[in-house]
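Student: Given next are the chains, with one letter for each unit.
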Amino acid sequence: MTYAYLFKYIIIGDTGVGKSCLLLQFTDKRFQPVHDLTIGVEFGARMVNIDGKQIKLQIWDTAGQESFRSITRSYYRGAAGALLVYDITRRETFNHLTSWLEDARQHSSSNMVIMLIGNKSDLESRRDVKREEGEAFAREHGLIFMETSAKTACNVEEAFINTAKEIYRKIQQGLFDVHNEANGIKIGPQQCISTSVGPSASQRNSRDVGSNSGCC
Amino acid sequence: MAACPTGRPGRLQRHLLSGEFDQLRDFSIFESNFVQVTRLGEVANKVTMGVAASSPALELPDLLLLAGPTKENGRLQLFGLFPLQFVQLFVHDESRCQLKVKFRTGRAFYLQLRAPPETRDREFGQWVRLLYRLRFHSAQGAVPFTQEYSALEDGEEDEGPTEREEVAQGRPL
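Taken in order, these protein sequences are the chains called A and B.
Residue numbering for the first sequence follows this note's numbering, starting at 1 and increasing by one per position.
Residue numbering for the second sequence follows this note's numbering, starting at 1001 and increasing by one per position.
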């Protein structure tokens, strides 16, 4: 299937916060309660439609365990978007965000769009990090913020798609050089390079952009 | 060792050369096509497995790549990239050209080589030699065989998490 752009995403955050579950929910629309530890990187891909443009998201799901941290750092290069995930029921995963953010800033393009995700919003009774704290952290560090539930699928689509929208907006504003592969963006095969916006024939068979359902 | 057992760029190498994975494009990959089988040999799905070195300066490969056909259109899709330091490869059944892949997390699955009869033994032999070199290099000193009688000899069962055989639809992971 053709696409206008390919965006490379990387999913980062402590072990057990639900990175692989978020990916599985987004690509396969299912939840797997027990998931093996990720080692190295596992890949997912899905087409989305942003402003009438077909965009392929190539998603790198990384290992969160400390022992894999140095390996994970080598995967940041060339990412256009990052999903930085913590678990709203485990305070320590929130406390480690600064360290993840430092890695992300150090090893990726300065234009990379970072979406901060407070996952497991279905576990309200066990909440250990207030939504306002997530919002404040995101505001302070210039990140987008959402709370999600990979289990109920709440806001999962929106988290991935809103990140793509922000990358696309940056392309249109000329902030991303789409010819520089280090930015994590590739122009699709046989695509005219244009910054014009509008519906294209390739939007057929695509999944539409969902609006923020606000379910969490 | 040739980049591909057949001497030509394999499917996985061609897939990476197609340009969607910039970081992996320049890897020289030793790869083969397999079918995933259960421990008893029942066929599950197609898998392409390769090993690559993340740097040309390395003497031995340090990465394992797994790919398979997508459910939608059958085109090859890269599933994962795993540092070989966290993966163990074994010969499971030499007569059936079967390998066993075991992750340090305990996940394990079995792959049977899919190759023309005239080249199958030679191709499998290349994997066996590679396994020996990787094992020798990791200084574990274990013989990479897991079939019945040798299962206890290779020492894999008494280290790391409990092994779980994984057979999933569409992908081996």
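The hints are simulated quantities; they were obtained by calculation from the structure and are not laboratory data.
From a predicted model like this one, the values you see are computed outputs, not experimental measurements.
Ideal Cβ placement from N, Cα and C applies to all residues, glycine included.
Any given hint might turn out to be false.
[Stated by the list, open to error] Here are the in silico distance ranges between beta carbons for each label pair: (1) A:S70 to B:L1017: 26 to 32 Å; (2) B:P1056 to A:R127: 46 to 52 Å; (3) A:G174 to B:L1060: 40 to 46 Å; (4) A:D177 to B:E1042: 46 to 52 Å; (5) A:R105 to B:E1042: 35 to 41 Å; (6) B:L1017 to A:R77: 15 to 21 Å.
[As the list claims (entries may be wrong)] Just some of the chain A residues that point at chain B, by a computed CB distance under 10 Å: (7) V41; (8) E140; (9) L143.
[To be verified] Stretch by stretch, here's where chain B covers chain A in the computed footprint (C-beta under 8 Å, at least three residues): (10) 29-39; (11) 71-85.
Student: Would you mind marking each hint as holding or not holding in the structure?
Tutor: For each hint, the structure was consulted:
| no. | hint | result |
| --- | --- | --- |
| 1 | A:S70 to B:L1017: 26 to 32 Å | holds (28 Å) |
| 2 | B:P1056 to A:R127: 46 to 52 Å | holds (49 Å) |
| 3 | A:G174 to B:L1060: 40 to 46 Å | holds (45 Å) |
| 4 | A:D177 to B:E1042: 46 to 52 Å | holds (51 Å) |
| 5 | A:R105 to B:E1042: 35 to 41 Å | violated (48 Å) |
| 6 | B:L1017 to A:R77: 15 to 21 Å | holds (19 Å) |
| 7 | V41 | holds (5 Å) |
| 8 | E140 | violated (31 Å) |
| 9 | L143 | violated (24 Å) |
| 10 | 29-39 | holds (count 3) |
| 11 | 71-85 | holds (count 5) |
Hints 5, 8, 9 from the list above are not met by this structure, while the remaining hints are.
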